[in-house]
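Peer 1: Listed below, chain by chain, are the residues.
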Amino acid sequence: MIAAEFPVRSRVVIADDDPDIRALISIAVNRAGLDLVAATEDGYSAWSAIQEHKPDLAVLDVSMPGMTGLEICARARADESFADTRIVLLSAGVDEAARNAGLLAGANEFIAKPFSPRELGTRLTELMLAGSRQQTLDNGSA
Amino acid sequence: MTSLYNAIKERVAVDAPSPALKQMPTTVAFLVAVLLSILLPRTLVSEPLAIAGGVVMIALATGLAFYYGSRARVTRWALMVPGVSLVAIALLREGSNGTGSIFSALIILPILWIAAENGRRWVVVSIVGTSVALMLPYVIEWRTPVDAGEWIRGVFSPAVFGIAAAVVNELSRQGRRQLDSIQRLAHEGESLLVQSLSVAARLKENELQLHAADRLTRSVLDAVTEQSVIGTDLTGLIDVWNPGAAAMLGLSPKDTQGKRFIFEFHLESELETRARELSYPAGATVLNPGFSALVESARLGRAEVREWTYVREDASSLSVSIAVTPRLDEEGATMGYLFVATDVTQALEVAKLKDEFVGLISHELRTPLSSILGYLELMRDDEESPLSGEQLQYLGVAERNAHRLLRLVGDLLFTAQVSSGKFPLDISQVSLTEVVSAAVLSARPVANAAGVTLVLDCPVEPISVRGDTVRLGQGCDNLISNALKFTPRGGTVTVSLSSSQDDAIITVRDTGIGIPASELDQLYARFFRASTATRNAVPGVGLGLTITKAIVTAHEGELDVESEEGVGTAFIMSLPLAKVSVGA
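Sequence lines, in order, name chains A and E. Under this note's numbering, the first residue of the first sequence carries the number 1, and numbering increases by one thereafter. Under this note's numbering, the first residue of the second sequence carries the number 1, and numbering increases by one thereafter.
Calculated directly from the structure, the hints in this document are not laboratory data. Each residue gets a CB set at the ideal place from its N, CA and C atoms; glycine is no exception. Hints may be right or wrong, so weigh each one.
As the list claims (entries may be wrong) - Now the in silico label distances, taken between C-beta atoms and shown as ranges:
hint: 1; chain 1: E; residue 1: P516; chain 2: A; residue 2: L103; range: 45 to 51 Å
hint: 2; chain 1: A; residue 1: D42; chain 2: E; residue 2: D222; range: 54 to 60 Å
hint: 3; chain 1: A; residue 1: H53; chain 2: E; residue 2: E268; range: 51 to 57 Å
hint: 4; chain 1: E; residue 1: I427; chain 2: A; residue 2: L103; range: 17 to 23 Å
What the hints assert, rightly or not - Far from chain A, by Cβ distances over 10 Å, these chain E residues were calculated:
hint: 5; residue: T345
hint: 6; residue: A347
hint: 7; residue: A550
What the hints assert, rightly or not - Not everything, but these chain A residues come out facing chain E in the computed CB check (under 8 Å):
hint: 8; residue: D20
hint: 9; residue: S63
hint: 10; residue: A92
hint: 11; residue: E109
hint: 12; residue: K113
hint: 13; residue: P114
hint: 14; residue: F115
Chain A with its partners taken away, still in its complex shape (with noise of 0.2 Å):
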């Protein structure tokens, strides 16, 4: 896997209960050229890294001990300062109501498990460039 060039690495908080999971999204992560800044086991630390890295992305599962991927994820978007914070959630509920319900919740991606760490990082990358492209455009319009 190539890395994307990026002007300024993108930071990434992830957060899985199941450590093998964790540590296979961080290679995924790593592997995009993205900076992984916080890896958190349960839903609490996560929202405390999110609160105390600020992050350009998030990479949650949904089932977590503490607060669920969702609940971070509507608490975020509740809050105008996580405004740029891009959201993936990961979960192992497979049918449309739940992809519904993350979507609902303003995640920008939800991808099912199992997941392919190629495909996770080539989607996290396509993220992070259309939120800069997105990011370019609102600076030079401003």
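Put chain E on the given structure of chain A with help from the hints.
Peer 2: Okay, now just chain E, sitting in the frame of chain A:
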């Protein structure tokens, strides 16, 4: 009733008196005459031998009378008694001064006996008997009457006796006729009485049966303690309230029967919702929309089972499944309704737990699979330490089995969704031509590897239905995958698409091992595997057909099967054709 009949019978069944009784006047008169003859010195005994013979004959006649009287059945031979008496009187008369004898008066008594017999011939017999008795002296003395007086007595007296005999005979005949009528009436009365008794017995039996049936119904209702059985009239007024209803709703029959209406125990909002679903005009034609909604199907003669909420007196509620059926009278007209309710609170809890369990299992299985598949992919993609050919082959096996496990988890989750009724469909216009073609295309590598010829037979014109593209594709994939698995090398699987007037028809026909006829009706049960599948070690868990059937049913279609062991199997999926609107 029987005693009354017997009393009537005893009164009307007057049999002829016994010979002894009939002879009694003659015997008594004879004794009186003998006594008078002894007391009156003027009485002459002209012929002692005849007197002796007469006495003997009277004794004989009296003896015979008692003999016949003692017999169970009196025969014509009893008429010997008056005959012998006549001869005795004739002898006594002859032996005691002939025409002036005191015994002459006795002649009338046996004559009356004979004359009273049934038949006019006995009148003649009476006349002849009288003549013989009166003319006996002339016969014995072998002479003829000497003067006119004797002739007159010999002829006139029998004539007078004959008239008397005729009158007696006629009176007896009339008496017998009346007796016959009375006896006939008594017999008819007996028949009617017997019939009445029979009808009364039948009525009693029917009454007992009705009581027994009523007791049985009551016992059944009382025995049903886990379900509430509530009966109402056509307006919903309660008239049946079993112990189950009392236990479920906390009220006794005397609190409810004839006083409360069934809809008072229902959640009002549910009744209103149902009434809206049935599009009842608000108050216009339905007096009580809530009750009408409750009995809508039963009113149309169909039993209906639906989940409702009962509300108790203390405002607590419970979820119930209620079967509503019409109550019919003897002419088949609806006279009310029966509501049999089962508490499903626990069942709903179990269903909820089951959903949670399935969700948990799904999550817990998919998460490790995510790790397995993810890390296998990392190994495959590792450019710094590329794997050898053999290692890549091992990796392929691991990946294939991990994906197999993932499909199984997906299938399990899907069947759980189907059984809990949570089966979402993403409905759109679906080109079955494309769905079937894609399914065949994706199955072709497997068919080639298995040495099975896979044939696609699609019409040129596209066929469309309203449905879920992914699910319909999944159904086709399952049928084709099954057909390939069960068809030996060298066989053929033909997938054809056609249409009838109302349906699109997808047929997947194979030349495989077939399914025993006895197992065809179990094919769609979860985890069922045909004996031919297990015998031939065909892999699978028995969920594919369950899922396919659920998909077809959700599309309001039908899935049929034709199979012959050793010849092949055909699955026929019929789906309602998409209706093109006129304006389109």
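Peer 1: Decide, hint by hint, whether the structure agrees.
Peer 2: Hints, verified against the model:
1. P516(E) <-> L103(A): 45 to 51 Å: With a Cβ separation near 49 Å, P516(E) and L103(A) satisfy 45 to 51 Å, so the hint holds.
2. D42(A) <-> D222(E): 54 to 60 Å: Once the Cβ atoms are compared, 58 Å apart, the range 54 to 60 Å for D222(E) and D42(A) holds.
3. H53(A) <-> E268(E): 51 to 57 Å: Roughly 55 Å apart at Cβ, these two residues keep to the hinted range, so it holds.
4. I427(E) <-> L103(A): 17 to 23 Å: holds, 20 Å
5. T345: Fine: 25 Å to the nearest Cβ keeps T345(E) off the interface.
6. A347: Holds, because the least Cβ-Cβ distance between A347(E) and chain A comes to about 23 Å, which exceeds 10 Å.
7. A550: holds, 15 Å
8. D20: Holds. Min distance 4 Å.
9. S63: holds, 6 Å
10. A92: Where the cut-off is 8 Å and the nearest Cβ of chain E is about 4 Å from A92(A), the hint holds.
11. E109: violated, 16 Å
12. K113: holds, 4 Å
13. P114: holds, 4 Å
14. F115: Where the cut-off is 8 Å and the nearest Cβ of chain E is about 7 Å from F115(A), the hint holds.
Checked against the numbered hints listed earlier, the structure breaks hint 11 alone; every other hint is satisfied.
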